[in-house]
Amino acid sequence: MDELLAQLNPEQRKAVKVTKGPILILAGAGSGKTRVITYRIAYLIKSKNINPKNILAITFTNKAAGEMQSRIQTLLGSDHKVWIRTFHSTCAKMLRGGAERIGIKKNFAIYDEYDQLSVIKECLSDLDIDAKAFSPAYIAAVINNIKENLSSGSAIESDILRNVYNVYNKKLAEYNALDFDDLIMKVVELFKTDEDILEYYQEKFRYILVDEYQDTNRAQYVLTKMLAEKHRNLCVVGDDDQSIYSWRGAEIRNILDFEEDFPDTTVIKLQQNYRSTRRILKAASAVVSNNEYRKSKTLWCDNETGERIVFFDADDSYTEAAYVARKIMELKLKGVNLGEIAVFYRVNYQSRLFEECFITYRIPYEVVGSLRFYERAEIKNVLAYLRVINNPLDAVSLRRIINVPSRKIGHETMEKISAYGEKHRISVYEVLHEVDNIKKINSGTRKRIKNFAKMIDLLIDTQRQMDIYELALQVVKDSGYLSSLSEDRTERDYIRRKNVEELMLSMKDYARERPEANLNDYLEEVSLRSDIDDWNESTERVNLMTLHNAKGLEFDIVFITGFEDGLIPHYKSQQDAKQYEEERRLLYVGITRARKLLHMTYARQRDMFRAGPSYTELSPFYHEIPRDVMCSGYNID
DNA sequence: CAGGAGGGGCTTTTT
DNA sequence: GCCCCTCCTG
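Position in the first sequence counted from 1, then plus 63, gives you the numbering used here.
These are computed hints drawn from the structure, not numbers from a lab.
Treat each hint with caution, since some may be false.
Computed list of lysine-lysine pairs in DSBU-like fashion (alpha-carbon distance at most 30 Å, straight line) [said to hold, decoys possible]:
1) K80 x K233
2) K184 x K517
3) K195 x K233
4) K635 x K332
Pairwise CB distance ranges, derived in the manner of DEER restraints [claimed, not checked]:
5) G129 x E475: 44 to 50 Å
6) A349 x D639: 21 to 27 Å
7) S221 x Q334: 44 to 50 Å
8) E680 x G84: 45 to 51 Å
9) M529 x S677: 52 to 58 Å
Note that this is a predicted model, so its numbers are computed, not measured.
Just so you know, even glycine gets a beta-carbon here, dropped at the ideal spot from N, CA and C.
Required output: the full structure, derived from the provided sequences and hints.
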């Protein structure tokens with residue numbers, strides 16, 4: 064351990080060795096944060112003889128959790144039992160244990176954004192509200208806001224919205240489902256309801272560490288505080304300059320006011336940057352220093368001066384993409400690994416132009432996110448079958464698959480089924496079993512419904528004898544879904560079939576790696592998985608991703624594209640000063656990902672979907688970057 | 001009454 | 001460019 068500690072600078076060492084009481088580690092970009100966190104956990108176990116079971120570490124993504132797991136494993140040279148998870152996954156696990164205490168069955172489904180929108184649309188149709196007057200997306204934002212802040216529905220002023228909120232939650236309860244924010248909120252509720260459970264976890268997790276603390280929301284903050292209250296060994300790590308999730312309810316306040324919440328806090332600032340060149344760091348610091356709302360700190364470094372930041376002013380977005388492609392070709396010729404190159408953009412749809420261009424230039428690339436695998440229709444369909452088998456009350460999934468592939472059970476029929484269920488206070492799934500009582504449905508349709516129900520029942524019965532892969536195979540065969548995809552010979556169906564095959568393969572891996580896991584475990588993991596989790600660092604491909612996804616990563620060479628007013632900062636963030644500052648932080652995050660070389664590009668014309676090309680303005684943040692660290696990229700020809 | 005075809009609308013970021 | 005909704009057909 065001493066050997067390890069010797070590798071750290073004095074501040075880092077202090078961050079590892081102060082194990083008692085509340086600690087705030089303000090870790091600037093590239094200051095060796097991950098190393099400090101992993102060493103800290105290893106130190107607790109090895110030098111302080113803390114039982115690994117008594118440590119909880121919360122990360123922002125599953126990917127980060129996985130990396131931390133393996134790093135600690137390497138440091139300790141053995142298996143360990145530290146809980147390293149995201150907030151959502153931590154809460155899901157806690158709820159699997161104690162949910163029944165607050166009226167949730169433990170096979171609850173986890174609803175993602177799209178499932179949530181389905182439920183909201185159901186509410187609107189039930190309540191006869193025009194979706195044009197209140198858009199589902201807006202309502203989702205209202206609902207999430209309430210839950211993220213642990214506020215109550217009664218705080219909603221609009222009668223209509225308050226009503227939707229209540230009906231929405233009632234439906235989730237009927238479906239035995241929780242949305243993302245419920246996961247956190249319900250655990251807080253559980254802790255408030257059952258002191259024994261809270262005490263159990265307080266006793267269990269004597270040492271708590273929360274990474275990316277600047278991106279926690281109110282609910283997560285309260286949860287953390289409850290857990291840490293007894294032993295008070297709470298270490299939070301973050302950087303207010305990298306807070307980029309306020310739109311998801313994150314409160315930068317949580318990190319800025321930590322010392323007020325815990326007056327005896329040890330504050331440690333990690334301000335030496337080991338990642339980027341001086342010029343890159345200078346640009347990043349200059350940009351972010353324009354923010355009012357931050358803890359002041361100064362990053363410094365001993366690193367090389369490095370190349371100037373290359374700024375390219377393109378006539379249009381196609382030229383921009385071509386510039387990036389050509390620069391990448393040049394780099395490749397110089398022997399640069401393509402995996403060390405990343406292209407960042409503000410919004411997902413920007414990836415398309417780069418993809419098209421890279422294909423013509425034959426540049427291998429990998430897009431993180433965009434068309435998210437687990438959100439593709441065919442994948443969601445297969446998973447919906449599994450979700451119904453796991454939790455037949457899950458009406459969103461049931462509705463999704465009852466007519467996929469087509470069983471001639473359409474909209475009208477489903478309306479009748481829902482109405483019947485509503486009237487007799489039973490679930491949709493139960494209605495399927497007494498469909499003969501609904502005379503309004505013709506006998507042919509009733510027969511088809513009964514066949515469907517029989518198939519699901521059979522799958523429910525047999526699931527216990529199979530692993531997840533075998534079950535899914537049974538599902539796609541019995542349901543006729545696989546053959547329906549095979550029948551058509553369009554390109555689209557081919558891709559869908561390929562995707563389903565890929566899903567099946569991943570299930571096979573899952574079943575092999577985690578033989579003890581059940582269907583419930585699998586579905587939970589898949590529901591909480593993010594794009595970045597599935598991304599593997601490759602040496603062969605250029606990485607394309609949003610600025611948000613770039614957080615926590617680093618690359619030798621970075622392209623920040625679409626450096627325009629309206630994209631960076633995004634036009635929807637320009638009214639509000641706080642949101643505007645967040646856009647600046649987003650840029651800061653992007654710049655600080657680069658180790659050696661940074662390109663920034665701006666397209667004077669960009670196709671907006673409807674009207675043809677529209678003219679753009681250079682980002683106002685451009686003028687915040689000191690002239691002397693930049694140069695022009697015009698000399699490409 | 002299911003389901004395909006065609007028109008209109010809209011695109012931030014994500015656990 | 002894609003998704004959703006509507007309208008029309010079978």
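Okay, the hints, checked on the actual structure:
1. Only pairs whose Cα atoms come within 30 Å are accepted, and K80 paired with K233 is rejected, the gap being roughly 48 Å.
2. For the hint pairing K184 with K517, the CA-to-CA distance comes to about 29 Å; that is within 30 Å, so the pair holds.
3. Note on K195 and K233: the hinted pairing holds, with a Cα-Cα distance of about 23 Å set against a maximum of 30 Å.
4. For the suggested pair K635 and K332, the alpha carbons sit about 33 Å apart, so the restraint of at most 30 Å is broken.
5. Between G129 and E475 the CB atoms are about 47 Å apart, so this pair conforms to the stated range of 44 to 50 Å.
6. Between A349 and D639 the beta carbon distance is about 23 Å. The supplied range of 21 to 27 Å therefore holds.
7. A hinted range of 44 to 50 Å holds for the C-beta pair S221 and Q334, which are about 47 Å apart.
8. Judged by the Cβ atoms, the range 45 to 51 Å given for E680 and G84 holds: they are separated by roughly 50 Å.
9. Look at M529 against S677: about 54 Å separates their beta carbons, and that is inside 52 to 58 Å.
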